[in-house]
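Residues per chain, in single letters:
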Amino acid sequence: MISLAGRDILHGWGKFVFTGIGLGLLIGVTLVMAGVYRGMVDDGKALLDNSGADLWVVQRDTLGPYAESSSVHDDLYRSLLGQRGVAGAANITYLTMQVRKGSEDVRAMVVGIAAGQAGSTPGWPPYLVAGRQITRGHYEAVADVASGLRLGERVGIRRNQYTVVGLTRRMVSSAGDPMVFIPLKDAQEAQFLKDNDAILQGRRRTEANPALNRPGVPGLLDAVLASQSANPYVNAVLVTLAPGHAPDEVAESIRRWQRHTVYTRAQMEGILVGKLIATSARQIGMFLVILAVVSAAIVAFIIYTLTMDKIREIAVLKLIGTRNRTIAAMILQQAVALGLIGFVVGKIAATWSAPFFPKYVLLVPADTVAGFAAVMAICVLASLVSIRLALRVDPAEAIGG
Amino acid sequence: MDRATRAGKGILIEGLTKRYGKGDTAVDALKGVDMRVAPGEVVGLIGPSGSGKSTLLKCLGAVIDPSAGRMTLGEECIFDAGWKVRDLRALRRDKIGFVFQAPYLIPFLDVTDNVALLPMLAGVPNAEARARALELLGALDISHRAAAMPSQLSGGEQQRVAIARGLVNRPPVILADEPTAPLDSVRAMAVVRILNDMAAQFQTAIIVVTHDEKIIPTFKRIYHIRDGVTHEEAGEGRLVRAAG
Chain V
75 MISLAGRDIL HGWGKFVFTG IGLGLLIGVT LVMAGVYRGM VDDGKALLDN
125 SGADLWVVQR DTLGPYAESS SVHDDLYRSL LGQRGVAGAA NITYLTMQVR
175 KGSEDVRAMV VGIAAGQAGS TPGWPPYLVA GRQITRGHYE AVADVASGLR
225 LGERVGIRRN QYTVVGLTRR MVSSAGDPMV FIPLKDAQEA QFLKDNDAIL
275 QGRRRTEANP ALNRPGVPGL LDAVLASQSA NPYVNAVLVT LAPGHAPDEV
325 AESIRRWQRH TVYTRAQMEG ILVGKLIATS ARQIGMFLVI LAVVSAAIVA
375 FIIYTLTMDK IREIAVLKLI GTRNRTIAAM ILQQAVALGL IGFVVGKIAA
425 TWSAPFFPKY VLLVPADTVA GFAAVMAICV LASLVSIRLA LRVDPAEAIG
475 G
Chain F
-4 MDRATRAGKG ILIEGLTKRY GKGDTAVDAL KGVDMRVAPG EVVGLIGPSG
46 SGKSTLLKCL GAVIDPSAGR MTLGEECIFD AGWKVRDLRA LRRDKIGFVF
96 QAPYLIPFLD VTDNVALLPM LAGVPNAEAR ARALELLGAL DISHRAAAMP
146 SQLSGGEQQR VAIARGLVNR PPVILADEPT APLDSVRAMA VVRILNDMAA
196 QFQTAIIVVT HDEKIIPTFK RIYHIRDGVT HEEAGEGRLV RAAG
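Just so you know, the protein sequences line up as chains V and F, in that order.
So in this note's numbering, the last spot in the first sequence is 475, and the numbers never skip.
So in this note's numbering, the last spot in the second sequence is 239, and the numbers never skip.
Keep in mind that the hints are not guaranteed to be accurate.
Claimed, not checked - Sample of chain V residues facing chain F (criterion: CB under 10 Å; computed from the structure):
| hint | residue |
| --- | --- |
| 1 | M75 |
| 2 | L78 |
| 3 | I83 |
| 4 | L84 |
| 5 | H85 |
| 6 | G88 |
| 7 | R339 |
| 8 | R386 |
| 9 | E387 |
| 10 | V390 |
| 11 | R397 |
| 12 | N398 |
| 13 | R466 |
| 14 | D468 |
| 15 | P469 |
| 16 | I473 |
The hints are simulated quantities; they were obtained by calculation from the structure and are not laboratory data.
By construction, the Cβ of each residue, glycine as well, lies at the ideal position given by its N, Cα and C atoms.
Let the hints inform the model, and build the full structure from the sequences given.
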């Protein structure tokens, strides 16, 4: 038996191909949307992986340092180093801001890293694609290539200029902003230091406060002013564990003795994926549902139109003895063929366009398989209306009168 | 002589009625139609609009159910106050050929496959079905267009392909519904000649429903239908005389 669907498609291939391309672009957008979500999750995991930490010690009762602001004293790490099971501890600051690159601004996450070296000090970029790591205490930076910065380029962060000495890759925040690593002291200053006018006004207020400017207590005012212009805080302390120690046990010990909130890697991943990008994920999920419904409507409309165009032929086919299942198979095969064309076009479009998106788009094979299954299911469902229409065609319509 | 013998391999219709609706709104479209068409015979069925021609054709074509009466096709009683065959679709496919006012060829199949589709539907292997189709297209003098698509054919060529499709399963009866309506007189006469030739060659009983004044004189026998009742009369049979 010849394939009626195949012959019909070959006969009107232009209509099919162009409809398939249109549907394919829609499917491509759907795949990219799924890729954006996967990219966000992957960015979050990359953020955690690249930090090199096993535990995150943050301000008590906060979800810091990524999902909420967190502030802990910068000498906390010394106490942590004395805890059983802790191999290393390093201060870190995170500040998402606009950094100046020449005459334009670049949105970046500025990361302040403690003195040390890559591989042993948590928080450092684990690898570079060009240049070297930071070796000086001030005014050097390592930037992610996604920032557009190049080696030797100057980048402005608050009042200071930094020279890019190294470039790294896939070091991004959970929002996809590229990271710029600078020395911790510079980062603390950038995060908390006020401008000169604000400092001057603050000093005046302090001097005017009789409680802080007592004539009988020399040196008190100077001490207060000094404490106001220094920043002894960081956003978190990254902790690495000694071999053989369970993260949960060490975390519990730190919670008990240091009275801070501690997150393990699994907990931090839960915060990033479950809380930080949950709204975005729901948003993308809604888009995916809408796109699926639109795709189904388009396939249903196209197949319905194609079937309507063939009502008389279907009546003739039924009159001359064609079985209902042969006619249903013809319509179903056409819908599936349309879905196949659309999926191939969509996959190619998504793969080709993914690198051009400003955010990381991660197309995973599992999504491709799920997408293919969904497209086929949608096409089958969309063809049901047309099949019902075709099966209700009266063969008597082929006979006049 | 029993009914099957009287029908031979043609068609015998006795007291066929068709009632639409029920009670006060019931309409009798057919009121006891009697017809007999022998194998190899072409008869005309004529009548004004609303006389019951299409209803009769639909009953004969097993697409609507008659209300009462009896139909014998070939040597088999197919209807006697109810269908006697379980699969009406197979009955239409194997025992009844259709030729329509418009050819209604399947636009996405070439000429050969349009004709070969019926035997394929009946389970005949593709190669054999195509060979059978080509043989018939040759008999209808249109084998040179075997690979053409329907849209590439003239109206007369399309109608010849439609006749080939109606004949390809060697049905004992062909129902032709206004087969010459869209054709000019030359092509219309050619189609009638082909129907007569095919009826003779394949011993098929052919019923031609028509309004076409040009072809009415070509029938040897004509059934007039009016108000759901048929009346038989002898025709002039000019085409047959001219041909033979």
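Hint check results:
1. For M75/V, the interface hint holds, since its Cβ comes within 10 Å of a Cβ in chain F; the closest pair sits about 5 Å apart.
2. The beta carbon of L78/V is positioned within 10 Å of a beta carbon in chain F (closest approach about 8 Å), and the interface hint is therefore held.
3. Satisfaction of the interface hint for I83/V is found here, the shortest Cβ-Cβ separation to chain F being roughly 8 Å, below the 10 Å cut-off.
4. The restraint placing L84/V at the interface with chain F holds, with a minimum CB-CB distance near 7 Å, inside the 10 Å limit.
5. With a cut of 10 Å, the hint placing H85/V at the interface with chain F holds, because the nearest CB-to-CB distance is about 4 Å.
6. For G88/V, the suggested interface contact is broken, since its CB lies about 13 Å from the closest CB of chain F, more than 10 Å.
7. With a least beta-carbon distance of about 60 Å to chain F, the hint placing R339/V at the interface is violated under the 10 Å criterion.
8. Proximity of R386/V to chain F holds as hinted, the smallest CB-CB distance being about 6 Å (cut-off 10 Å).
9. A cut of 10 Å between beta carbons decides the hint on E387/V: the least distance to chain F is about 5 Å, and the hint holds.
10. This hint holds: V390/V has a C-beta 5 Å from the nearest C-beta of chain F, less than the 10 Å allowed.
11. For the restraint placing R397/V at the interface with chain F, the shortest Cβ-Cβ distance is roughly 7 Å, inside the 10 Å limit, so the hint holds.
12. Taking 10 Å as the C-beta contact cut-off toward chain F, the hint placing N398/V at the interface holds, the least distance being around 8 Å.
13. Violation of the interface hint for R466/V is found here, the shortest Cβ-Cβ separation to chain F being roughly 14 Å, above the 10 Å cut-off.
14. The interface hint given for D468/V holds, since its Cβ lies 7 Å from the closest Cβ of chain F, which is under the 10 Å cut-off.
15. The interface hint given for P469/V is met, as the beta carbon of that residue sits about 5 Å from the closest beta carbon of chain F, less than 10 Å.
16. Residue-level restraint check for I473/V holds (minimum Cβ-Cβ distance to chain F is 6 Å; threshold 10 Å).
Going down the numbered hints, you'll see the structure goes against 6, 7, 13, while the others check out.
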